[in-house]
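Participant: So the protein lines, in turn, are chains P and D.
Just add 14 to the spot in the first sequence (first one is 1) and you have our numbering.
Just add 18 to the spot in the second sequence (first one is 1) and you have our numbering.
Some clues are possibly wrong.
[What the hints assert, rightly or not] To give a feel for the contact side, a few chain D residues facing chain P, derived at Cβ under 8 Å: (1) Thr23; (2) Leu71; (3) Val72.
[Stated by the list, open to error] A short, non-exhaustive set of chain P residues, derived as facing chain D with CB atoms under 7 Å: (4) Thr16; (5) Ala27; (6) Leu57; (7) Ile61; (8) Thr68; (9) Val72; (10) Ala73.
[Claimed, not checked] Cβ-Cβ distance ranges computed for the label pairs, FRET-style: (11) P:Ala111 / D:Trp89: 43 to 53 Å; (12) P:Glu122 / D:Asp127: 41 to 51 Å; (13) D:Arg141 / P:Ile76: 44 to 54 Å; (14) D:Arg52 / P:Ile82: 23 to 33 Å; (15) P:Ile82 / D:Glu138: 25 to 35 Å; (16) D:Arg141 / P:Val78: 23 to 33 Å; (17) D:His107 / P:Val24: 25 to 35 Å; (18) P:Val72 / D:Glu137: 37 to 47 Å; (19) P:Thr68 / D:Leu69: 39 to 49 Å; (20) P:Ile82 / D:Arg141: 22 to 32 Å; (21) D:Val31 / P:Ala113: 23 to 33 Å.
FYI, nobody ran anything at the bench for these hints, they're computed from the structure.
Keep in mind that this is a model prediction, so the values were computed, not measured.
Built from N, CA and C at the ideal position, the CB exists for glycine as well.
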Amino acid sequence: MTLLALVCSVLLAVGATLAVVRAEKGPSMLDRAVALDVVVAVLVAAIALESAVTRSAVAVPILVVLSIVGFLSSVTIARFAATEPVGEGRVLSRAEAVAAEAERHAREIAEEEES
Amino acid sequence: MDPHTWTTVADVVAGACLLGGSFLALAAGVGVLRFPDLLARMHAATKPQTLGLVLVLAGLALRIRSAPAVWALVLVAILQMVTAPVAAHLVGRAGYRTGKVPSETLVVDELTADVQRAEEERRGRAGAGPDDLGVSGS
């Protein structure tokens, strides 16, 4: 059972990691919502695996709660955040973030000098 | 057969179920990362949400073998089966209406014509109104 638990947790960890990579890459909010749904499913499986290894039913209420609230995040995103401005769909790189910050700073200085 | 044999059989079946469920989670991770568009990723993502979850919960039920816990696990499976389609429907709908589903990749596309007809009717009724994507509408 120990070996089986090890193999299962490796499979779950790799699956969750790949889903998190997709959540980081995007490219849209909906792709991220789908990827995070996979992470929630892996979380449920991991808690169930832990309970199965230790033969304890202590964590079963957590599974009930996760299965109730797990779908709310993607419903909320699909309903209210599906339309996003062009270019907002990805995380800025460090250089781009610095450039955007410098531009904002320069604009603020220009406005101060005008007034 | 004596009870000891049955508990061993239950443990082995539980192990197989847990392994299968974990493998589906891995498959979903690979699919979500590698598939090219939103609908294909959703297709991969649903595997651990229903079949994988049912397998893992069956494995857990065979391991703990106590009636209250098993009923709670049945409740988990039913709740997941009720809520997962809601999320999938809304994600697919929002993806379709924000143009993330390229129509030429679909084998059957019955929705584009309907959406266009509804759009034309709405324009005809309201004049040339502001053009929203219909995500917040019905």
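Participant: Look at each hint and say if it fits the structure.
Facilitator: Hint check:
no.	hint	verdict
1	Thr23	violated (17 Å)
2	Leu71	holds (6 Å)
3	Val72	violated (11 Å)
4	Thr16	violated (11 Å)
5	Ala27	violated (9 Å)
6	Leu57	violated (10 Å)
7	Ile61	violated (9 Å)
8	Thr68	violated (9 Å)
9	Val72	violated (10 Å)
10	Ala73	violated (9 Å)
11	P:Ala111 / D:Trp89: 43 to 53 Å	holds (51 Å)
12	P:Glu122 / D:Asp127: 41 to 51 Å	holds (49 Å)
13	D:Arg141 / P:Ile76: 44 to 54 Å	holds (50 Å)
14	D:Arg52 / P:Ile82: 23 to 33 Å	holds (31 Å)
15	P:Ile82 / D:Glu138: 25 to 35 Å	violated (41 Å)
16	D:Arg141 / P:Val78: 23 to 33 Å	violated (47 Å)
17	D:His107 / P:Val24: 25 to 35 Å	holds (33 Å)
18	P:Val72 / D:Glu137: 37 to 47 Å	violated (54 Å)
19	P:Thr68 / D:Leu69: 39 to 49 Å	violated (25 Å)
20	P:Ile82 / D:Arg141: 22 to 32 Å	violated (41 Å)
21	D:Val31 / P:Ala113: 23 to 33 Å	violated (59 Å)
Checked against the numbered hints above, the structure breaks hints 1, 3, 4, 5, 6, 7, 8, 9, 10, 15, 16, 18, 19, 20 and 21 and satisfies the rest.
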